[in-house]
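Colleague: Below are the chains, spelled out letter by letter.
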Amino acid sequence: MKSWQCIVYIVVALLGFSIVTVYSTDMTMFAAGGKGYQFTKHLVWILLGLVVLFVMSVIDYRYLQKLTYPIIAVSVICLLLVLLPGIGTVTNGARRWIRLGSIAGIQPSEFAKLAIIIFLSNYIAKNHNKMHSFKRGFLIPLGLITITGGLILMEPDFGTAAFIVILSMLMCVVGGMRIIYVCFTLLAAVPFIYELIFHVPYRKTRFTSFLDPWQDPQGTGYHVIQSWIALGSGGLTGLGLGNSKQKLFFLPESSSDFIFTVIGEEFGFIGGMTIIVLFSLLLWQGLKIVSRTKDLFGFFLGLGITMMFGLQAIINIAVVSGIIPTKGIPLPLLSTGGSSLLFSMLGIGILVNIAKQSLKCDTGKLLTDEVKERRPINEKFFPVRIASRIISKIAAFSW
Amino acid sequence: MYFKSMQRFWTNIIGFFLILIFIGLAVNLGRIQIVEHDKYVKLAKAQQSKKVKLSARRGLILDRNGRKLAESLRVGSVYADPSAIKDVYEITRHLSKVLKLNSSKLSQKLKKDKKFVWIKRKISDEELKEINKLSLQGVYIEYEYNRFYQNGQLGSHVIGFTDIDEKGLEGIELSCNQVLSGDPGYKMILRDAQQSHILTPDIEMQFPQHGDNVMLTIDSHIQRFTEEELDNLCKTWLPVSATAVVMDTTTGEILAMANRPAYDPNNVKKYPSLARKNLAITDYYEPGSMIKPIVLAGVFENKLASPDDVIDCENGKYVMGKRILHDSHRYDTLTVSEIITHSSNIGMAKLGMLMGIERMYNHLEQFNFGNRFGIELSGEQEGIFRPLKSWSKQFSLVSVSIGHEIAATPLQFITIFCSIANGGHLLKPRIIKSIIGNDGKVKEEYKGPEIIRRVMSEEVARDLLNPILVDAVRNGTGKKAFLTEYEVAGKTGTSQKINKADGRYSHNKYIGSFVAYAPAENPRICVLVMVDEPKNGAYYGGTVAAPAVGEIIKKSLRYLNVEPMKLKMAMH
Numbered sequence: 116m117k118s119w120q121c122i123v124y125i126v127v128a129l130l131g132f133s134i135v136t137v138y139s140t141d142m143t144m145f146a147a148g149g150k151g152y153q154f155t156k157h158l159v160w161i162l163l164g165l166v167v168l169f170v171m172s173v174i175d176y177r178y179l180q181k182l183t184y185p186i187i188a189v190s191v192i193c194l195l196l197v198l199l200p201g202i203g204t205v206t207n208g209a210r211r212w213i214r215l216g217s218i219a220g221i222q223p224s225e226f227a228k229l230a231i232i233i234f235l236s237n238y239i240a241k242n243h244n245k246m247h248s249f250k251r252g253f254l255i256p257l258g259l260i261t262i263t264g265g266l267i268l269m270e271p272d273f274g275t276a277a278f279i280v281i282l283s284m285l286m287c288v289v290g291g292m293r294i295i296y297v298c299f300t301l302l303a304a305v306p307f308i309y310e311l312i313f314h315v316p317y318r319k320t321r322f323t324s325f326l327d328p329w330q331d332p333q334g335t336g337y338h339v340i341q342s343w344i345a346l347g348s349g350g351l352t353g354l355g356l357g358n359s360k361q362k363l364f365f366l367p368e369s370s371s372d373f374i375f376t377v378i379g380e381e382f383g384f385i386g387g388m389t390i391i392v393l394f395s396l397l398l399w400q401g402l403k404i405v406s407r408t409k410d411l412f413g414f415f416l417g418l419g420i421t422m423m424f425g426l427q428a429i430i431n432i433a434v435v436s437g438i439i440p441t442k443g444i445p446l447p448l449l450s451t452g453g454s455s456l457l458f459s460m461l462g463i464g465i466l467v468n469i470a471k472q473s474l475k476c477d478t479g480k481l482l483t484d485e486v487k488e489r490r491p492i493n494e495k496f497f498p499v500r501i502a503s504r505i506i507s508k509i510a511a512f513s514w
Numbered sequence: 003m004y005f006k007s008m009q010r011f012w013t014n015i016i017g018f019f020l021i022l023i024f025i026g027l028a029v030n031l032g033r034i035q036i037v038e039h040d041k042y043v044k045l046a047k048a049q050q051s052k053k054v055k056l057s058a059r060r061g062l063i064l065d066r067n068g069r070k071l072a073e074s075l076r077v078g079s080v081y082a083d084p085s086a087i088k089d090v091y092e093i094t095r096h097l098s099k100v101l102k103l104n105s106s107k108l109s110q111k112l113k114k115d116k117k118f119v120w121i122k123r124k125i126s127d128e129e130l131k132e133i134n135k136l137s138l139q140g141v142y143i144e145y146e147y148n149r150f151y152q153n154g155q156l157g158s159h160v161i162g163f164t165d166i167d168e169k170g171l172e173g174i175e176l177s178c179n180q181v182l183s184g185d186p187g188y189k190m191i192l193r194d195a196q197q198s199h200i201l202t203p204d205i206e207m208q209f210p211q212h213g214d215n216v217m218l219t220i221d222s223h224i225q226r227f228t229e230e231e232l233d234n235l236c237k238t239w240l241p242v243s244a245t246a247v248v249m250d251t252t253t254g255e256i257l258a259m260a261n262r263p264a265y266d267p268n269n270v271k272k273y274p275s276l277a278r279k280n281l282a283i284t285d286y287y288e289p290g291s292m293i294k295p296i297v298l299a300g301v302f303e304n305k306l307a308s309p310d311d312v313i314d315c316e317n318g319k320y321v322m323g324k325r326i327l328h329d330s331h332r333y334d335t336l337t338v339s340e341i342i343t344h345s346s347n348i349g350m351a352k353l354g355m356l357m358g359i360e361r362m363y364n365h366l367e368q369f370n371f372g373n374r375f376g377i378e379l380s381g382e383q384e385g386i387f388r389p390l391k392s393w394s395k396q397f398s399l400v401s402v403s404i405g406h407e408i409a410a411t412p413l414q415f416i417t418i419f420c421s422i423a424n425g426g427h428l429l430k431p432r433i434i435k436s437i438i439g440n441d442g443k444v445k446e447e448y449k450g451p452e453i454i455r456r457v458m459s460e461e462v463a464r465d466l467l468n469p470i471l472v473d474a475v476r477n478g479t480g481k482k483a484f485l486t487e488y489e490v491a492g493k494t495g496t497s498q499k500i501n502k503a504d505g506r507y508s509h510n511k512y513i514g515s516f517v518a519y520a521p522a523e524n525p526r527i528c529v530l531v532m533v534d535e536p537k538n539g540a541y542y543g544g545t546v547a548a549p550a551v552g553e554i555i556k557k558s559l560r561y562l563n564v565e566p567m568k569l570k571m572a573m574h
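Residue numbers (the numbering used here), protein chains in the order written: chain F, 116 to 514; chain H, 3 to 574.
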């Protein structure tokens, strides 16, 4: 089976899990918007997502490279628009949505994730040889990352902003940005991050409650404890489909941010592990596709999308099992929420297309092109070279 | 090959770290879901389900014919969950209108940071309908039982009453609380975080064990006759209080027990605490002349005198050292039976002195003076019967003979007097006839009379005392209890109340009492009426209490279908 087929199957499996679990959480007496409302909405978004997946898998991804600047421009404009009171709607004290009609809505920050991946892939592919310089390889990408991250932070949405910064930084490092610059940037950012966390009361309580949720089980520690109770009472085999009790308002956002918890409660450890394994397979296949790309843009685009899925899944699962503080990061392909699902499917579509394109190409021809510019990036930095040897040995073994 | 190696290097390194992290997540998930499973199951159960008490229905209190005296009915109580209420003003407006509550107090209640507050308990059916119609958010109805006493004031002192949680506070409700209340059950209700209840069929529950029913020896008809007579008596003589007890002479069962002032157990708070006291067992009085037949029984028992012996009554004034005894009417000489008929203190004192201190003490001790009978009602007092060593050599014998220096509750005294009526047996007084389970089966039954001891020979009771007591009603102080259809045998008593201030006998406060049984030839019931501080110019027991006793006996015996005397004579 080809990698892209694998990916489509995994996505369908995850969507299946999502449909069943959203149905279960929505068929309670007190579901928001009435019984079945969320579920129908979710189904419509999934159908829409499948269309998008198909469309994107047909369009050549290299076409996106030409559209880089329009895409990033639209993204930044959307991020600006959402901050305007007339356009962005306020939910839970944050302006994150641009409403289209009464039902549908778009989260510009979800779009921004993809937009920045496309932009950085293009940028790195074009400036690959200059990525180790300070100006080209550090200042310009950092500037753009800061603008996008800053705009999202103003919504405010600390979680997504942090996610975009981490993802972009990782891509830049892979693209050849000097690690020492990244370290210094992080060091310089520490006071700002401190300020952002400890001077905004709700983030501070989130952080302190993360350290010891039992200190205030009815207040700040509530989410984590409820999630633990749900997961823990699920046990090995779970309470059975539709039998989640924690979804009855004990768990906040049971169908979006905490959907993994409901799966863990209803299907037990087996269900939770199934999700983890499915995501691991998805990432494996994603990386396999990435490792076979024939051009730099494709490589970075595929890597960016794969890491986007991987990081989101890791952060979400880590949050619901209480390893890191609560953040509003949805579980891709499983959580409800139209924009997140739509752009995830879009990303999968691009990945599928990359896989197909790399299969079409003549490998031999490309390889000879590459020989000319052969210059290992890690030849100057000795410890990295040693580490990469060891790691690639182990990784190769694990593959 | 640069691009290819870079690709491989980075995909490997990223893949490696992702796998490492996923393994970490899986291990952590396993820890939560498998290792700590039990801990979280316990926590989940605690917050997801709620133990709801299923209240047991309190048992009935029945009269001896099975008529309901007290009964528990299901009623609705309104409570609220302030945390679920959004518009306090709106809810307050509705509730205060329907339930007639003070709106400012109500809104304060609703603003409390609590999950549960009672709004109004035990509401009427109309109010319940209204509340159900409104179906306000955060306002709920819980069904509980409420105690109803359908006869109101009738028998209230015996039955007693309960608090709002149906815990017995007085009377049978208190003394039989354990039997009546039963054991509450419970059920586990699934709930969500907003406290709305979600019912699922496979719920853990235990049905409540409803309380048993208590059947009393009280007969509500006789009780009603008794209370009617007490009401009439109170209208005429305006006493501080009045007490009446009717007892079955053959079994010791109490057929009626009533006091005035009385209260309505459906609405206890409206009445002063005096009205709630069951004076028939909680208060004791000096019996006065009523004790004379009892003392005389001892005289006859020891064969110290016979009914026809003549005693010098000193023309109404008898000096004994420092003390002077008076009779209300002057008599020169009287026979022993006439001493009772006319209730002569001087004659009785002389008869008493024949007994001697020790014999007198032993004789009265047999009658249980100074001891509780242990009736199944709370608050029974033991009266006063001083030990022999504290009797004064000079006066106690005389005092006791005319009913001073000794005190008994109305219940004690009627029980003691009954021993004359039934031929010499002291019976244990009874108020509970049986305990009936809520399935209708009799669980415990008190059969037959329980004889404490024989206190006088049948001969003394039947042949000697009975004619004397009949004579006292026919010709003596108890004339007003005389009935044409039934032969009544009784004895009056009039005692001065002891002034609480100085401990001396009062000269204007009296207790008038009368105790009698009928029909004299074959006694069925014994009636005692005691009137505390009668006003309107009379205080003799023969005047204030005897007519009531006569009426009670007449109505009760008719009700019991006892053949009237005339009819019997005509048949002969």
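Rather than coming from a laboratory, the hints here were simulated on the basis of the structure. Owing to the predicted nature of the structure, the values given are computational and were not obtained by experimental measurement. Idealized CB from N, CA, C, for every residue including glycine. Don't take every hint at face value.
[Said to hold, decoys possible] Some, not all, of what chain F presents toward chain H, calculated at C-beta under 7 Å:
hint: 1; residue: 142
hint: 2; residue: 360
hint: 3; residue: 384
hint: 4; residue: 391
[As the list claims (entries may be wrong)] Which stretches of chain F does chain H cover? Using the computed rule of at least three CB atoms under 8 Å from a CB of chain H, they are:
hint: 5; segment: 158-170
hint: 6; segment: 302-308
hint: 7; segment: 423-435
Colleague: So, for every hint listed, does it hold in this structure?
Modeller: A quick look at each hint next to the structure:
1. 142: violated, 13 Å
2. 360: For residue 360/F, the interface hint holds, since the closest Cβ of chain H sits about 5 Å away, which is under 7 Å.
3. 384: holds, 4 Å
4. 391: Status holds, d = 5 Å.
5. 158-170: As far as the segment 158-170 of chain F goes, the hint is violated, because 0 residues have Cβ atoms under 8 Å from chain H.
6. 302-308: violated (count 0)
7. 423-435: Held - the segment 423-435 of chain F has 4 residues with a Cβ nearer than 8 Å to chain H, which meets the minimum of three.
Comparing the model with each numbered hint stated earlier shows that hints 1, 5 and 6 do not hold.
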